[in-house]
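> So you can see what is in the structure, the chains are spelled out below.
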Amino acid sequence: MGLNKFEELNSVQIDALGEIGSIGTSHAATSLSSLLGSRVTIPLPEVKILDFNKAVEELGGFETISTGIISLLSGQINGMMLALFELEAINLLLHRMMGKTVKDYSELTEIESSAIIEVGNILISAFVNALSNLTDVKITPSVPQIAIDMQGAMITVPMAAYGNQSDYIMLLGGTFLMDDKEIPCKLLLAPDIKSLNYLLYRLGIGE
Amino acid sequence: MMERQNVGISDMKLARTKGTLVTYALGSCVGICLWDPLLKIGALVHIMLPINMETNRTSQFKYADSGIRLTINKMELMGAKRARIVAKIAGGAKMFNVPGNSSLGNIGQRNIESVHQVLRLEGICLIKEDVGGSAARTLFFDVATGEGTVKIYGNVERKL
Numbered sequence: 265m266g267l268n269k270f271e272e273l274n275s276v277q278i279d280a281l282g283e284i285g286s287i288g289t290s291h292a293a294t295s296l297s298s299l300l301g302s303r304v305t306i307p308l309p310e311v312k313i314l315d316f317n318k319a320v321e322e323l324g325g326f327e328t329i330s331t332g333i334i335s336l337l338s339g340q341i342n343g344m345m346l347a348l349f350e351l352e353a354i355n356l357l358l359h360r361m362m363g364k365t366v367k368d369y370s371e372l373t374e375i376e377s378s379a380i381i382e383v384g385n386i387l388i389s390a391f392v393n394a395l396s397n398l399t400d401v402k403i404t405p406s407v408p409q410i411a412i413d414m415q416g417a418m419i420t421v422p423m424a425a426y427g428n429q430s431d432y433i434m435l436l437g438g439t440f441l442m443d444d445k446e447i448p449c450k451l452l453l454a455p456d457i458k459s460l461n462y463l464l465y466r467l468g469i470g471e
Numbered sequence: 028m029m030e031r032q033n034v035g036i037s038d039m040k041l042a043r044t045k046g047t048l049v050t051y052a053l054g055s056c057v058g059i060c061l062w063d064p065l066l067k068i069g070a071l072v073h074i075m076l077p078i079n080m081e082t083n084r085t086s087q088f089k090y091a092d093s094g095i096r097l098t099i100n101k102m103e104l105m106g107a108k109r110a111r112i113v114a115k116i117a118g119g120a121k122m123f124n125v126p127g128n129s130s131l132g133n134i135g136q137r138n139i140e141s142v143h144q145v146l147r148l149e150g151i152c153l154i155k156e157d158v159g160g161s162a163a164r165t166l167f168f169d170v171a172t173g174e175g176t177v178k179i180y181g182n183v184e185r186k187l
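Residue numbers (this note's numbering), protein chains in the order written: chain A, 265 to 471; chain B, 28 to 187.
None of these hints come from the bench; they were simulated from the model. Every residue, glycine too, gets a C-beta built ideally from N, C-alpha and C. Do not take every clue at face value.
[Stated by the list, open to error] Restricting the straight-line Cα-Cα distance to at most 20 Å, the calculated cross-link-like pairs of lysine to aspartate or glutamate (EDC-like) are:
no., chain 1, residue 1, chain 2, residue 2
1, A, Lys318, B, Asp38
2, A, Lys458, B, Asp38
3, A, Lys269, B, Glu81
4, B, Lys45, B, Glu174
[Unchecked claim] Partial selection, computed: residues in chain B whose CB lies under 10 Å from chain A:
no., residue
5, Thr50
6, Ala52
7, Pro64
8, Ser86
9, Ile134
10, Lys178
Work out the full structure, taking the sequences as your base and the hints as a guide.
Following this line, the structure appears as structure tokens:
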């Protein structure tokens with residue numbers, strides 16, 4: 265059997281997913297630390313089961329312009345990972361990696377965009393590897409793709425993909441802290457419902 | 028005083044005579060403006076998926092087919108006449124250029140096609156559209172004039 269909708273998750277399952285999230289995000293934070301040369305942490309990754317409109321609002325609003333990097337997961341887990349960087353986070357990364365900053369996304373050159381995709385790729389891979397090792401499932405992330413646009417439209421990508429199954433979406437992720445200051449960057453995992461059931465089964469808390 | 032109503036995802040708002048209906052950040056979703064020019068009854072639906080195949084059908088406005096049909100019914104209850112209703116649509120973009128994944132990549136396109144088909148089946152005339160591409164759109168719909176405005180990041184506003 266298993267779950268049919270994300271909103272059927274019980275508190276034990278939510279806790280366990282939060283634990284997975286915290287291991288995944290801490291791996292991602294460690295790789296970000298070595299890139300930036302500063303200590304980066306994700307204090308409390310959260311498991312959120314939200315309706316579509318709430319999810320967009322919680323993540324910073326419909327029209328906020330962000331850089332989104334998406335990777336599709338396949339293998340034993342199907343889903344998507346989305347990394348969202350606001351301009352401040354982009355500048356922090358560019359400053360550390362290339363010694364420059366931009367005032368606007370339109371100033372980003374191709375090399376700088378690829379550098380940002382690479383950062384997204386590193387975060388996503390670190391998370392996915394941790395998840396894969398922990399649950400002993402095979403997950404293959406696709407080549408990441410970038411978009412710079414209204415955040416609301418990017419967050420609806422996983423919603424539209426899995427929206428047929430539920431009016432809610434499960435988001436697992438958090439916000440990075442560097443030297444106790446928040447970096448406006450989020451890392452999110454959105455699995456489809458079948459994969460979520462499989463994940464719970466591997467963790468021994470499926471139904 | 029301009030009255031403005033926000034239309035969320037899988038949502039619909041109606042207005043009569045005056046007011047602006049707005050829906051933010053349409054990606055692969057499609058916003059459908061329906062308007063009876065005589066009575067100035069206008070509606071804006073924000074659909075996310077092409078066809079309603081859900082068993083319980085809890086959120087009709089999530090889908091192009093059930094969303095458009097329900098909206099037309101509600102407009103008719105307010106006195107609008109189907110033969111007069113015209114439509115303008117915006118959205119259906121492809122946000123990420125994801126390779127080799129047809130089902131995900133094409134959601135926007137499938138939404139556009141489904142909206143076209145449902146409008147045709149319902150006998151509603153589609154008078155203008157701003158669809159496809161890879162950019163998100165915010166859509167404003169002025170119920171008094173039937174005019175739409177599309178806002179795209181880094182671009183000038185476009186009339187719809």
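> B/Pro64 was flagged as interface toward chain A. Is the shortest Cβ-Cβ separation under 10 Å?
violated (29 Å)
> Does the structure keep B/Lys45 and B/Glu174 at a Cα separation of 20 Å or less?
Distance ~12 Å between B/Lys45 and B/Glu174 Cα, so the pair holds.
> Holds or violated: B/Thr50 as interface residue toward chain A, Cβ cutoff 10 Å?
OK, holds: B/Thr50 within 10 Å of chain A, min 9 Å.
> Can the hint on B/Ser86 be confirmed by a CB-to-CB distance to chain A that is less than 10 Å?
Holds. Min distance 5 Å.
> With the threshold set at 20 Å, check whether the alpha-carbon distance from A/Lys458 to B/Asp38 stays at or below it.
violated (27 Å)
> For the hint on B/Ala52, just tell me whether its beta-carbon gets within less than 10 Å of chain A.
Nearest chain A Cβ about 3 Å off; hint holds.
> Verify the proposed pairing of A/Lys269 with B/Glu81, using a straight-line Cα cut of 20 Å.
holds (12 Å)
> Mind checking the alpha carbons of A/Lys318 and B/Asp38 for me, to see if they're no more than 20 Å apart?
holds (13 Å)
> Is the interface hint for B/Lys178 satisfied, with its Cβ closer than 10 Å to some Cβ of chain A?
Cβ of B/Lys178 sits 9 Å from chain A, so the hint holds.
> Given B/Ile134 as an interface hint, is the shortest Cβ-Cβ distance to chain A below 10 Å?
holds (5 Å)
When held up to the earlier numbered hints, the structure conflicts with 2, 7 and fits the remainder.
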